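J.: Sequence:
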Amino acid sequence: MLNLSVLLEDGARNHPDRDAVVFGDLRLNYALVDMIANQVAELLVARGIERGDRIAIASPNTPYFPFVYFGALKAGAVVVPLNVLLTPREIAYHLRDSGAKALFAFTGTPDLPLGERAWKAFNEVEGCEVYIDLPATPGATESTIEGAETLWAALAGRSGRFETVRTEADDTAVIIYTSGTTGQPKGAQLTHANLLLNAVASSRLFGRAPNGHDIFLTVLPLFHIFGQTTMMNCALYRQGTMVLQARFDGDETLALMEKEGVTMFAGVPTMYWGLLGAKGEHDIDKITGTLHTAVSGGSALPGELAKRVRDRFGVDILEGYGLSETSPVVSFNDPRRKAKPGSIGLPIWGVEMRLVDAEFNEVEGEGPGEIAVRGHCVMKGYHQRPEINEQVLKDGWFRTGDIARRDEEGFYYIVDRSKDMIIRGGYNVYPRELEEVLMTHPDVSLAAVVGVPHETHGEEIKAYVIRQEDARVTEQELITWAKERLAAYKYPRLVEFRDELPMTATGKILKRELR
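Under full-length UniProt numbering, the residue at position 291 of the sequence shown is numbered 291, and the numbers go up by one with no gaps.
Hints were generated in silico from the structure; no laboratory data involved. A quick note: this is a predicted structure, and the numbers were derived from the prediction, not measured. Hints are not guaranteed to be accurate.
Using 27 Å as the maximum straight-line C-alpha spacing, the simulated BS3-like pairs for lysine-lysine come out as follows [said to hold, decoys possible]: (1) Lys307 with Lys508; (2) Lys307 with Lys279; (3) Lys340 with Lys508.
Taking the hints into account, I'd like the entire structure generated from these sequences.
T.: Structural data, given as structure tokens:
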């Protein structure tokens, strides 16, 4: 038997009075979080949920997420986390595609009316029979959504004790839907073993607080696998404390680091960019006095951005690599070895990597080639997608769609997403290389490069740029500057300045929208 809920249960046994979750003024200890998860499990069983049934949850980073997540796992169910920015049509798609039997949805706030969207989608989907409102007011028994039942009303009188349903290591625990940036979202089936081993392997790579009690600032969305594994599950494995932040804001994040004595932070590159742009007054010495580990993932980290963070906060960002389909961590710059700037590091414990060509044949030497992964982290397959599974899974290897090269010591370097590669006049151009160069210009704050249609070249290279505050660099000046540093077929011919760039809820730049 193996059930991922052991992470919470062990903490409740060993440190019942220790803070498991901090959210605003709420401080919830391990015993309380585990008790509420038990009540959720009992509720689900009472409503007819059986082992293997899918339970959807749509919630930002609030205590509701671990309540429902581990409650569903205890009941033997499969958790289907939903992005909180989905439209009613998209929520309905996820419910139908996963075959969800129940939906737990946060009521929302005036600027994030999630409950209205979720309730509309729920009423359109046959087979999804249970709807539970997660109210913005803690303990509220009356829902602001007509016809909906709040979690607190549903839990009233239920026991805080529950015997976890027996599940096996290779049973599906979570179905994570890909972002859909390259097509219709697909559900990656991750097992209890996938998720537990990835949390353990991640913990082996992160530094430890001198007193043994780590405090994880959790602003990465928990509905995304990066936040789930490296923040929530890893924090619980260490029996540490999660400080939840519902939405990233540079100043608020720094204030929480200062207030709570945060030791561990993980984010996507745009979050680090946001920390650098924070305008408030903060005690940086106090922050750097406790922060021992900073991790970046989700997309390639520009070297210039890493340098700016190190100069400002005195911490080296450890870059890793992973995907929803790999639980997610595949490789990492192990702090016990000298990190290499721009590298995604070496395969983590229990995981193999190699480069392959379009026919799945191994590419020898430096490459480039497409990254393929094998090991405990690889998903069972996409939910109800046998044809796609045949294309991406072979003999335990999963092909990622990411192009990389490898040095003589085995360190991997992302070149780009295969689907982001630009073909200009027959030459392959990898946007990340151009973005790295553009980011070294003193007037450039952030850059994203895409290919746009061109009559004779097939594609032309266009850069979208956010300038530094008060910067005055012009389009032509930036093109000329890049031309001096890049081969003739690589430099951008088009530059467009923007005040902001479109991003996913996890902070990835949406190149599809830019294209």
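J.: Which of the listed hints are broken here?
T.: none
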